[in-house]
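Working from the sequences, and respecting the hints, build out all of it.
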Amino acid sequence: MTHTTLRSVLLAAGLAALSLTGAAAARAAVGAEEWARLRGAPGYRLDVDLQLDRLDPQDLYGNWATGTATLYVKTLPRLTPFVQVSVLEREDVDAGFSVGTYADWTGRLYSSTSFTAGGRSHYLQKNRWDHSFYLNTGPVTLVAGAGWLQDHDGHEDWSLAFGPRLWRGHLILEYLATRTESDPGDHVGWKHRVSGGWGEEGRSWLFANLTIGQERYAATWVTPIQDVDHDFYEITASLQRWVRPRLGYKLQAGWLDLGEGLDGYEKIGVGVGGFIEF
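Basically the working numbering = 1-based index in the sequence shown + 1.
Just so you know, the hints here were simulated from the structure itself, not pulled from any lab data. Just so it is clear, the structure is predicted and the values come from calculations on it, not from any experiment. For glycine and all other residues, C-beta sits at the position ideal for the given N, C-alpha and C. All the pointers check out, no bait thrown in.
Once the Cα atoms are required to be at most 27 Å apart in a straight line, the calculated DSSO-like pairs of lysine-lysine come out as:
| no. | residue 1 | residue 2 |
| --- | --- | --- |
| 1 | Lys192 | Lys268 |
| 2 | Lys268 | Lys251 |
| 3 | Lys127 | Lys268 |
| 4 | Lys75 | Lys251 |
| 5 | Lys127 | Lys192 |
Quick list of the computed label-pair ranges, beta carbon to beta carbon:
| no. | residue 1 | residue 2 | range |
| --- | --- | --- | --- |
| 6 | Ile226 | Gly203 | 48 to 54 Å |
| 7 | Trp199 | Thr138 | 17 to 23 Å |
| 8 | Ala104 | Phe163 | 15 to 21 Å |
| 9 | Tyr234 | Leu174 | 17 to 23 Å |
| 10 | Thr107 | Gly203 | 23 to 29 Å |
| 11 | Val94 | Leu167 | 37 to 43 Å |
Written as structure tokens, this is what we have:
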């Protein structure tokens with residue numbers, strides 16, 4: 002049995018195990034939700050997610066799997082810190098770790114910031130920092146953000162993002178433009194994301210996103226260094242639904258086309274997850 006075939010068998014076995022244990026997990030989750038309810042007002046939220054991806058060409062990339070656990074702390078005034086641990090299976094198994102916080106500065110201004118460190122996998126950043134400000138001007142919220150990432154091979158990206166978000170009743174619409182400058186080589190790429198959501202906190206949220214952009218950077222992990230210039234397209238959809246006041250599940254699906262050539266691939270992914278407040 003080849004390595005690729007083994008990975009496919011393991012992926013199928015994982016999906017089968019997930020479906021077979023769904024009922025038992027749901028029963029256990031209801032018991033956990035009852036325990037959380039008896040504790041009083043929730044001070045924490047725990048999210049657990051599993052993402053499975055199939056990539057083409059298969060002989061180069063195979064299948065990917067990512068498991069993530071995120072804990073949010075809701076006991077501090079004006080701050081919601083979080084910590085996240087991810088385990089990723091690519092060509093091998095590696096892990097990433099993130100810390101961050103959401104902050105309410107005034108009744109109209111809030112922000113989010115996070116820092117991520119990853120293992121030595123080619124698919125993980127060595128360090129990453131992201132920060133965004135949100136200014137509520139009424140039905141429209143203005144978004145402005147900045148980010149930096151560093152790979153293990155010395156490649157760095159700096160990004161700036163901006164756009165409006167409209168929130169009216171159950172409807173959320175957002176446009177976000179991001180400019181990324183990559184070093185070495187001073188490559189510049191843009192991406193544009195249009196997002197739409199419908200729902201209500203405590204009941205359900207359904208979101209769909211369309212992203213069109215450019216991947217432009219120098220691939221420093223190959224010798225000699227080669228320039229990468231891809232136009233890419235991505236479509237994602239996600240559902241978050243509460244089944245009890247403090248318990249719910251998440252579903253997501255997506256498609257990404259990064260073109261052909263170096264670092265180019267097509268990816269189809271599905272994800273499942275759950276959350277509990279306690």
